[in-house]
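Novice: These are the residues of each chain, in order.
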Amino acid sequence: MSKVIVVTSGKGGVGKTTSAAAISAGLAQQGHKTVVIDFDVGLRNLDMIMGCERRVVFDFINVIQGDAKLKQALIKDRRLDTLSILPTSQTRDKDALTSEGVEKVLEELREEFDYIVCDSPAGIERGAQLAMYYADEAVVVTNPEVSSVRDSDRVLGLLNSKTKRAEESGADPIKSHLLLTRYDAKRIGEGEMMNVEDVLEILAIPLLGVIPESTAVLRASNVGLPVVLDDKSRAGKAYEEAVARLTGEQIEMRIESEERPGLFQRLFGRTA
Amino acid sequence: MRLAGAPDDQFYESLDVRLQQTPHFFSDAPLIIDLDQAADLVDPADLQWLVDNLRQRDLSVFGVQNATADQAEAARAVGLISLSGGRDAPLRGSRREEERKPDPAPEPEAAAPQAAPPPRTTTNKLVSTPVRSGQTVIADRGDLVIVGPVSSGAELIATGNIHIYGHMRGRAMAGINGDETARIFCQSLDAELLAIAGLYRTSENLGAELRRKSVQVYLEGERLRVDPLDRTQNRSGQ
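These protein sequences, in sequence, are chains W and D.
Residue 52 in UniProt numbering sits at position 52 of the first sequence, with consecutive numbering throughout.
Residue 139 in UniProt numbering sits at position 139 of the second sequence, with consecutive numbering throughout.
Among the hints, a few may not be true.
What the hints assert, rightly or not - Covered stretches of chain D, as calculated for chain W (at least 3 residues, CB under 8 Å):
1. 132-141
2. 145-159
What the hints assert, rightly or not - Calculated lysine to aspartate or glutamate pairs in the DMTMM-like style (CA-CA distance at most 20 Å, straight line):
3. W/Lys3 to W/Glu167
4. D/Lys213 to W/Asp198
5. W/Lys71 to W/Glu112
6. W/Lys162 to D/Glu155
7. W/Lys33 to W/Glu249
8. W/Lys164 to W/Glu125
9. W/Lys71 to W/Asp95
10. W/Lys33 to W/Asp136
11. D/Lys213 to W/Glu201
As the list claims (entries may be wrong) - Calculated from the model, a selection of chain W residues having no Cβ within reach of chain D, i.e. all distances over 10 Å:
12. Met1
13. Gly42
14. Thr98
15. Val105
16. Arg110
17. Gln129
18. Arg150
19. Glu197
20. Ala204
21. Pro212
22. Gly248
No lab work stands behind these hints, which were simulated from the structure alone.
Every residue gets a Cβ at the ideal spot worked out from N, C-alpha and C, and that includes glycine.
Work the whole structure out from these sequences, hints included.
Specialist: In structure tokens form, the structure reads like this:
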């Protein structure tokens with residue numbers, strides 16, 4: 001049974017595309033057949049982060065409009081043979097997405113892939129709504145600061161109301177997970193940013209992982225390598241664990257912290 | 001509608017301003033003219049002129065109250081019913097209205113809707129999931145009970161009381177149809193805004209000592225009171 005996972009946040013710049021790339025690469029690394037779709041029509045970024053921007057011929061919009069077959073548009077990753085990328089158009093805008101078109105493409109992908117990761121654009125408009133509409137699960141990417149948390153909360157509201165699973169009676173609601181990114185233990189220790197508990201209290205969804213602020217993330221983006229494939233970095237490791245939790249593994253949450261011990265224990269108790 | 005003397009041009013001017021602010025609220029609403037403070041309005045012709053003017057504005061005048069004997073006769077002459085006695089609520093409502101948005105040209109004749117009470121069928125609403133930022137939950141015929149957190153940027157609206165069993169960071173508006181007996185009960189207060197029957201307080205003037213406390217919010221005359229629940233319990237026990 002294939003799963004459609006939307007990576008979304010509301011706010012821009014929190015690390016959605018980085019996370020979508022890392023999660024899909026992580027799933028593929030575990031051997032799951034995975035495809036990652038860029039829904040950010042007009043601001044094509046995913047293919048750059050995945051390092052395949054020079055191989056884009058046809059895109060998501062071409063497929064939706066019937067100008068190309070899905071097989072022609074899918075790009076197979078050179079590092080992981082279980083991973084494919086469906087890039088988006090740089091020249092069109094979000095109006096080119098149609099609900100029927102997205103549904104048709106997703107149905108076709110469901111037949112072939114175990115996981116379909118949708119990289120949502122920022123905001124809560126059409127592009128973001130279509131990216132989440134057919135999702136089975138959601139990864140809500142949040143930075144530990146108030147405006148990001150508030151936007152994530154808004155997105156959680158939309159996930160519970162403006163999606164297929166919310167509108168269909170009898171369907172289970174979308175399973176939402178929190179991915180806390182750009183976590184800077186030093187700044188949190190100094191009280192400049194919110195700690196994990198504060199964020200969890202407001203959003204009230206299970207914690208998938210905490211990705212530390214790391215120079216490895218930008219470096220990986222620059223060279224087009226999903227950060228999860230960068231074995232040495234802490235961020236890569238954190239993504240790997242988040243992906244494992246996403247597939248149902250029980251892994252203890254390890255958060256680098258300058259706070260008192262005991263926090264890990266309490267957090268784990270909360271999300272388990 | 002309460003009059004304080006025979007209406008003049010200024011009255012109609014401020015009435016039009018009020019109607020423009022809420023164009024649909026008074027439209028076709030049944031209306032009674034309160035003559036308690038307008039004893040000089042006895043000429044049937046004056047009354048007729050007033051009624052014509054109000055009806056031109058889609059206000060459905062059908063009666064007068066607190067009329068003197070002469071006024072009652074004049075009212076009957078122009079086809080209005082004379083009712084005895086008035087309720088307190090609209091008076092308080094009108095005073096409050098003035099307090100809240102002080103008119104540039106202070107007009108004693110504030111219009112308070114004297115609508116006939118709607119049939120009371122209450123349907124309460126229970127929500128047991130978190131209320132997220134940007135969501136609005138409305139109980140348009142009764143109480144609203146939330147079991148779960150309410151995020152900042154979320155709105156709770158009820159014609160009756162509002163109960164929140166969870167951390168309350170959003171906005172709550174109880175008694176939106178003007179029910180001044182409505183209350184808000186809140187397990188952990190951190191609200192952006194609390195309002196009862198249109199009288200509101202924002203987080204700025206809620207007082208830091210009440211933050212994260214269990215409180216009830218109610219109207220005491222013109223004041224919106226926010227009391228910790230344990231203290232009020234003690235008081236009502238006395």
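Novice: Look at each hint and say if it fits the structure.
Specialist: Verification of the hints:
1. Look at the segment 132-141 of chain D against chain W: 4 of its residues bring a Cβ nearer than 8 Å to a Cβ of that chain, three or more, so the hint holds.
2. For the segment 145-159 of chain D, the stated coverage by chain W is satisfied: 6 residues place a CB nearer than 8 Å to a CB of that chain, which reaches the threshold of 3.
3. With a C-alpha separation of about 18 Å, the suggested pairing of W/Lys3 with W/Glu167 holds against the 20 Å cut-off.
4. For the hint pairing D/Lys213 with W/Asp198, the CA-to-CA distance comes to about 18 Å; that is within 20 Å, so the pair holds.
5. This hinted pair checks out: W/Lys71 and W/Glu112 have alpha carbons roughly 11 Å apart, not beyond 20 Å.
6. Under the criterion of a C-alpha separation no larger than 20 Å, the hint pairing W/Lys162 with D/Glu155 is consistent with the structure, at around 18 Å.
7. A C-alpha spacing of about 18 Å is found between W/Lys33 and W/Glu249, which places the hinted pair at or below 20 Å, so the restraint holds.
8. Of the supplied pair hints, the one linking W/Lys164 and W/Glu125 holds, its CA atoms being roughly 16 Å apart against a limit of 20 Å.
9. The hinted pair formed by W/Lys71 and W/Asp95 fails the criterion: a straight-line CA distance of about 23 Å is larger than 20 Å.
10. Distance restraint check for W/Lys33 and W/Asp136: the Cα-Cα separation of roughly 17 Å lies within the 20 Å cut-off, and the hinted pair is therefore satisfied.
11. Restraint check: the Cα-Cα separation between D/Lys213 and W/Glu201 comes to about 16 Å, which is no more than 20 Å; the hinted pair holds.
12. At roughly 26 Å from the closest C-beta of chain D, the C-beta of W/Met1 stays outside 10 Å, upholding its exclusion from the interface.
13. The Cβ of W/Gly42 lies farther than 10 Å from every Cβ of chain D, with a closest approach of about 24 Å, so its non-interface assignment holds.
14. Even its closest Cβ contact with chain D, about 25 Å, leaves W/Thr98 beyond 10 Å, as expected for a residue assigned away from the interface.
15. Even its closest Cβ contact with chain D, about 29 Å, leaves W/Val105 beyond 10 Å, as expected for a residue assigned away from the interface.
16. Every Cβ of chain D is farther than 10 Å from the Cβ of W/Arg110; the closest lies at roughly 28 Å, confirming the non-interface assignment.
17. Residue placement check: W/Gln129 keeps its beta carbon more than 10 Å from all beta carbons of chain D (closest about 13 Å).
18. Non-interface status of W/Arg150 relative to chain D is broken: a Cβ of that chain comes within 10 Å, the nearest being about 5 Å off.
19. Even its closest Cβ contact with chain D, about 13 Å, leaves W/Glu197 beyond 10 Å, as expected for a residue assigned away from the interface.
20. Non-interface call for W/Ala204 relative to chain D: violated, since the shortest CB-CB distance, roughly 5 Å, does not exceed 10 Å.
21. No Cβ of chain D comes within 10 Å of the Cβ of W/Pro212; the nearest lies about 26 Å off, and the non-interface call holds.
22. Its beta-carbon lying about 24 Å from the closest one in chain D, W/Gly248 satisfies the requirement of being farther than 10 Å from that chain.
In summary, the numbered hints that this structure violates are 9, 18, 20.
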